[in-house]
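Undergrad: Construct the entire structure; sequences and hints are all you get.
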Amino acid sequence: MIMRYCLLFLLLCYTAISDAQNVVITDEQFLRDVAHFQVKDVAQFMDRFNDQEQVVFKNDTAPDRYKNLLGLLNLRDTALRRDTNTIAFINEVFGQKDKKQLTVTDSDLYAAVQCVFVYHGKEKVFTVWLKPEAAENGGHYWGLIGVQSDLFSLPNDPKSARHLINPMNHEVGFSELSKGLTHKKDIYEYMPADYHPEHLSAFLAYVHNGDLQFKNIRSVDFDFLQINGWLFTVKEFFRVDLNSGWLIADIKRMNEEQKKHFLKDHFIE
Amino acid sequence: MRQQLRFSKYCWFFIIPAMLANAGMARAQTTTVEDRLHLTPADLEGFEKQAKEDVMDFGGHVEHIASKNYSAFLRKKYIANALALFADPDENTIQVSSIGITADFRTESIRIYLNNLLRLSYATVDITWYDYKITQFVKGADGNYYATATVFQEFSAITGNTEVKQSRRDLVKREIQVELIKLEDYKGAKPVPWWELKLGDIKIKQKSLSQ
Numbered sequence: 031m032i033m034r035y036c037l038l039f040l041l042l043c044y045t046a047i048s049d050a051q052n053v054v055i056t057d058e059q060f061l062r063d064v065a066h067f068q069v070k071d072v073a074q075f076m077d078r079f080n081d082q083e084q085v086v087f088k089n090d091t092a093p094d095r096y097k098n099l100l101g102l103l104n105l106r107d108t109a110l111r112r113d114t115n116t117i118a119f120i121n122e123v124f125g126q127k128d129k130k131q132l133t134v135t136d137s138d139l140y141a142a143v144q145c146v147f148v149y150h151g152k153e154k155v156f157t158v159w160l161k162p163e164a165a166e167n168g169g170h171y172w173g174l175i176g177v178q179s180d181l182f183s184l185p186n187d188p189k190s191a192r193h194l195i196n197p198m199n200h201e202v203g204f205s206e207l208s209k210g211l212t213h214k215k216d217i218y219e220y221m222p223a224d225y226h227p228e229h230l231s232a233f234l235a236y237v238h239n240g241d242l243q244f245k246n247i248r249s250v251d252f253d254f255l256q257i258n259g260w261l262f263t264v265k266e267f268f269r270v271d272l273n274s275g276w277l278i279a280d281i282k283r284m285n286e287e288q289k290k291h292f293l294k295d296h297f298i299e
Numbered sequence: 002m003r004q005q006l007r008f009s010k011y012c013w014f015f016i017i018p019a020m021l022a023n024a025g026m027a028r029a030q031t032t033t034v035e036d037r038l039h040l041t042p043a044d045l046e047g048f049e050k051q052a053k054e055d056v057m058d059f060g061g062h063v064e065h066i067a068s069k070n071y072s073a074f075l076r077k078k079y080i081a082n083a084l085a086l087f088a089d090p091d092e093n094t095i096q097v098s099s100i101g102i103t104a105d106f107r108t109e110s111i112r113i114y115l116n117n118l119l120r121l122s123y124a125t126v127d128i129t130w131y132d133y134k135i136t137q138f139v140k141g142a143d144g145n146y147y148a149t150a151t152v153f154q155e156f157s158a159i160t161g162n163t164e165v166k167q168s169r170r171d172l173v174k175r176e177i178q179v180e181l182i183k184l185e186d187y188k189g190a191k192p193v194p195w196w197e198l199k200l201g202d203i204k205i206k207q208k209s210l211s212q
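Protein sequence lines, in the order shown, are assigned to chains V and Y. Per my numbering, residue 31 is the first one in the first sequence, and the count goes up by one each step. Per my numbering, residue 2 is the first one in the second sequence, and the count goes up by one each step.
Incorrect hints may appear among the rest.
Said to hold, decoys possible - If you only want the chain Y side, here are some residues facing chain V, beta carbon under 8 Å, derived: (1) GLY61; (2) HIS65; (3) THR151.
Stated by the list, open to error - Mimicking EDC-like on lysine to aspartate or glutamate, the simulated pairs with C-alpha atoms at most 16 Å apart in a straight line are: (4) LYS134/Y to ASP77/V; (5) LYS294/V to GLU228/V; (6) LYS161/V to GLU122/V; (7) LYS206/Y to GLU166/V; (8) LYS140/Y to ASP271/V; (9) LYS134/Y to GLU83/V; (10) LYS77/Y to GLU64/Y; (11) LYS245/V to GLU109/Y; (12) LYS140/Y to GLU163/V; (13) LYS134/Y to ASP138/V; (14) LYS199/Y to ASP55/Y; (15) LYS282/V to GLU122/V; (16) LYS140/Y to GLU206/V; (17) LYS208/Y to GLU185/Y; (18) LYS208/Y to ASP77/V; (19) LYS140/Y to GLU46/Y.
Claimed, not checked - To spell it out: a stretch of chain V is covered by chain Y in this simulated footprint if at least three of its residues, at any positions, have a beta carbon under 8 Å from a beta carbon of chain Y; those stretches are: (20) 66 to 77; (21) 169 to 177; (22) 266 to 276.
Hints listed in this document are in silico derivations from the structure and should not be mistaken for laboratory results. By construction, the Cβ of each residue, glycine as well, lies at the ideal position given by its N, Cα and C atoms.
TA: Here it is, written out as structure tokens:
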């Protein structure tokens with residue numbers, strides 16, 4: 031059974047890649063096929079994943095669910111194709127009796143938006159995380175839940191700091207506090223060992239004050255945590271190829287505990 | 002006196018149904034207002050068709066605005082028609098990619114983008130539509146409904162003057178936000194709600210097909 035799937039997988043890879051290599055750009059029919067097969071938006075990715083929309087592959091007479099799932103992978107990525115997790119994931123989704131339906135309002139869908147900002151005249155890339163939030167009127171919106179950037183990272187091991195406020199400094203009116211607040215770059219060294227800066231609040235303050243000036247959005251990825259035991263990432267691959275558009279770029283085996291750690295690492299720290 | 006009492010006693014038989022009828026009418030009026038705001042799947046399907054027409058119109062307007070075959074007066078008319086399709090052409094943005102730039106796209110307001118097209122002056126423009134799709138409308142926290150329309154088209158153009166001609170052939174994917182906006186108009190003292198379909202922000206992806 032596994033061999034059959036592997037064979038099918040390789041066959042599909044071959045078909046997709048040979049199609050891409052033999053592109054006759056002047057062929058209008060090929061462009062029509064690209065437009066038809068390409069996963070044009072995230073909603074269409076979900077429709078195809080949920081088996082609500084099927085495509086019929088070349089030489090087939092009826093849609094094949096397994097092939098449709100394989101068609102949602104970025105087949106140009108050799109590492110993804112060879113990863114044992116990939117086939118395990120596809121087999122698991124294919125074999126699910128109660129099909130997990132993905133929707134754009136799922137609370138365990140996360141968008142990672144790479145934003146370019148200008149900070150003190152230099153460009154800096156921030157990953158801004160968003161997730162769908164429900165509103166009281168039954169509607170939904172994307173809420174900003176986290177941000178990642180090296181701008182907010184603490185210096186390595188602030189406990190070994192050369193600067194600190196000595197334990198008897200209160201007797202002299204905290205004279206070393208004035209020094210700490212004056213030496214801006216060393217300010218983190220005065221914090222307790224268990225201090226973890228909240229990146230999102232800092233980011234909002236920087237944007238609000240105009241210290242960070244937004245330039246553009248570089249890319250958008252989506253992390254889907256809806257499937258039990260798995261996390262997969264969907265990105266857009268816009269190319270003149272039947273296997274293109276919004277496709278699975280990465281698959282990770284992840285239990286519920288690991289998912290909690292993943293969220294904690296991304297959004298709390 | 003007894004007769005008066007009898008009247009007041011029996012008059013409730015007429016008053017109560019009348020009050021109930023009034024209340025019923027009031028309820029019916031409220032339902033009518035809500036009905037105007039409630040969108041059935043058939044309504045949304047109708048709006049999806051309208052969205053398709055608007056998106057196609059926008060593509061046609063872009064084609065006319067960019068083409069040198071039309072007079073400046075006519076091209077400006079097309080700009081006005083295109084702007085009218087958007088919720089706020091100064092706030093709504095379009096992502097524009099340039100040849101050779103794959104990662105960073107600049108973002109312009111729809112108004113600026115269309116006016117820039119006017120200056121670009123293609124000698125000939127040919128747009129072929131390959132595919133169109135629209136997502137389902139999803140209700141937003143503001144009560145409006147949102148969807149995304151995707152169109153896939155081949156864009157061929159010849160730029161430059163008669164001596165220096167450059168041909169461009171791109172595969173273009175436009176992703177257009179479609180907004181179903183709840184608006185209120187006042188007829189007398191009562192608000193009359195209605196829905197208006199407008200286009201919003203646009204993302205463009207381009208892949209050169211030039212050999």
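Undergrad: The structure should be examined with respect to each hint, and the outcome stated for every one.
TA: Now the hints, each set against the structure:
no., hint, result
1, GLY61, "18 Å, violated"
2, HIS65, "23 Å, violated"
3, THR151, "4 Å, holds"
4, LYS134/Y to ASP77/V, "12 Å, holds"
5, LYS294/V to GLU228/V, "12 Å, holds"
6, LYS161/V to GLU122/V, "25 Å, violated"
7, LYS206/Y to GLU166/V, "35 Å, violated"
8, LYS140/Y to ASP271/V, "34 Å, violated"
9, LYS134/Y to GLU83/V, "12 Å, holds"
10, LYS77/Y to GLU64/Y, "13 Å, holds"
11, LYS245/V to GLU109/Y, "12 Å, holds"
12, LYS140/Y to GLU163/V, "12 Å, holds"
13, LYS134/Y to ASP138/V, "26 Å, violated"
14, LYS199/Y to ASP55/Y, "8 Å, holds"
15, LYS282/V to GLU122/V, "13 Å, holds"
16, LYS140/Y to GLU206/V, "55 Å, violated"
17, LYS208/Y to GLU185/Y, "42 Å, violated"
18, LYS208/Y to ASP77/V, "25 Å, violated"
19, LYS140/Y to GLU46/Y, "15 Å, holds"
20, 66 to 77, "holds (count 6)"
21, 169 to 177, "holds (count 3)"
22, 266 to 276, "holds (count 4)"
Hint compliance for this structure: hints 1, 2, 6, 7, 8, 13, 16, 17, 18 are not met, and every other hint is.
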